[in-house]
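Dock chain B against chain A, hints included.
This is what each chain is made of:
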Amino acid sequence: MTKILNLISLWALPFLILLVLTVGIVKKVPVYEEFTQGAKDGFKVAINIIPYLVAIIVAISMLRASGAIEMLANVLAPLLKSCHIPADVLPLTIVRSLSGSAALGVFSDIANNLGPDSYATKLAAIMVGSSETTFYVLAVYFGAVKISKIRYALIVGLLADLVGIIAAVWVCNLMFG
Amino acid sequence: MNYIFYFLIVISIVIGALNGKLEDVGNAVMSGAELSVKVAFSLIGIMAFWLGIMQIAQKSGIIDFLSKILKPITKVLFNEIPENSPAIGDIAMNFSANAFGLSNAATPFGLKAMEELQKENIDKKSASNSMCLLLGMNTAGFQLIPTTVLAVLVGIGYKNPTEIIAPTLLVTCIAFTFAIVLSKILQKVWKGQDLPLSHTPSPQSGEGNVTFGGKE
Chain A
-13 MTKILNLISL WALPFLILLV LTVGIVKKVP VYEEFTQGAK DGFKVAINII PYLVAIIVAI
47 SMLRASGAIE MLANVLAPLL KSCHIPADVL PLTIVRSLSG SAALGVFSDI ANNLGPDSYA
107 TKLAAIMVGS SETTFYVLAV YFGAVKISKI RYALIVGLLA DLVGIIAAVW VCNLMFG
Chain B
13 MNYIFYFLIV ISIVIGALNG KLEDVGNAVM SGAELSVKVA FSLIGIMAFW LGIMQIAQKS
73 GIIDFLSKIL KPITKVLFNE IPENSPAIGD IAMNFSANAF GLSNAATPFG LKAMEELQKE
133 NIDKKSASNS MCLLLGMNTA GFQLIPTTVL AVLVGIGYKN PTEIIAPTLL VTCIAFTFAI
193 VLSKILQKVW KGQDLPLSHT PSPQSGEGNV TFGGKE
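First to last, the protein sequences are chains A and B. This note's numbering puts the last residue of the first sequence at 163; the count rises by one with no breaks. This note's numbering puts the last residue of the second sequence at 228; the count rises by one with no breaks.
A few of these clues could be false.
The list that follows gives simulated cross-link-like pairs (lysine-lysine, PhoX-like), each with its CA atoms no further than 20 Å apart [to be verified]: (1) A/K135 to B/K203; (2) A/K135 to B/K137; (3) B/K196 to B/K87.
These aren't lab readings, by the way, just hints derived from the structure by calculation.
Just chain A, same shape as in the assembly (with noise of 0.2 Å):
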């Protein structure tokens, strides 16, 4: 089983790659030329979103920055408690809707400092792979077109966030627990 799902991730790229431009060849696509044509449109999406970025990534550094993470952790503290949920995990509950690096970051210090064998372990891996960061998304998707009502889509993401978090808790007691 490991070894099937090792091999699936180790060639979903390259296969993806490869059947791409074989069918090209077949069906007589000039790969080349049509690889750099549409290569060309990289440059202008990665720079027009650059103004978005700047916005939602100063802003969430300087929360990180400020401890109101750590404050709203505290402030759901007995909350979360009252839900099974480890105080380890409790920052990653918060930080995977607003930074990746961030929730990779808690993740591997959870993983690092309490070891393969714990709950917390197991509800993190589970939290941070089943996860995408929502306000990156938002600030890419949405910069990239230029929205700037972005109406309903935080609430979706943000609830969605919190839907994954306690099916997380659920599943990791049913299986771990």
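Same frame as chain A, but now just chain B:
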């Protein structure tokens, strides 16, 4: 977005001051600004590469094929965009790349889908229902195998790291489904942009709201 941005910054400064961490907050402005450009620059090459691959996939009919397979699903989810819209193919590629954990590839595909959706959007500043749905699908982070997490677990000597794949998949499926259902519910109640696309936008309706059965 204006209020969210303002709120995040005000909270940071006020709480930073209360905690005596104003210096850190100030430094975070600089490091955050620097980081965002680094992120964007690292995206240039990745974006260029995958958009190049995407172009080949498009010309060779792979995307049409994929769109056809996923059509029953996308037709229901993205019922507001025309069936032959190029966005459908991009959304299909975005979803597939996400599912296989190729988040580097998923972003370019997703952004291309957003651009196509924007072409069909009535109010270019405001996110359409389809755009919100696509965003919800991406923030839920659906993927079959959480590769990064597995790498960390292997690194600390976790005996059977693959045992977390099934629970993670279950959780991500729940969150993903929830995001779709919630988007579909909220698009009905949220004001601001509910013009059906088959109708031509009428310039005289200032707020952009439709008055159903409005008599002249």
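Violations among the numbered hints | none
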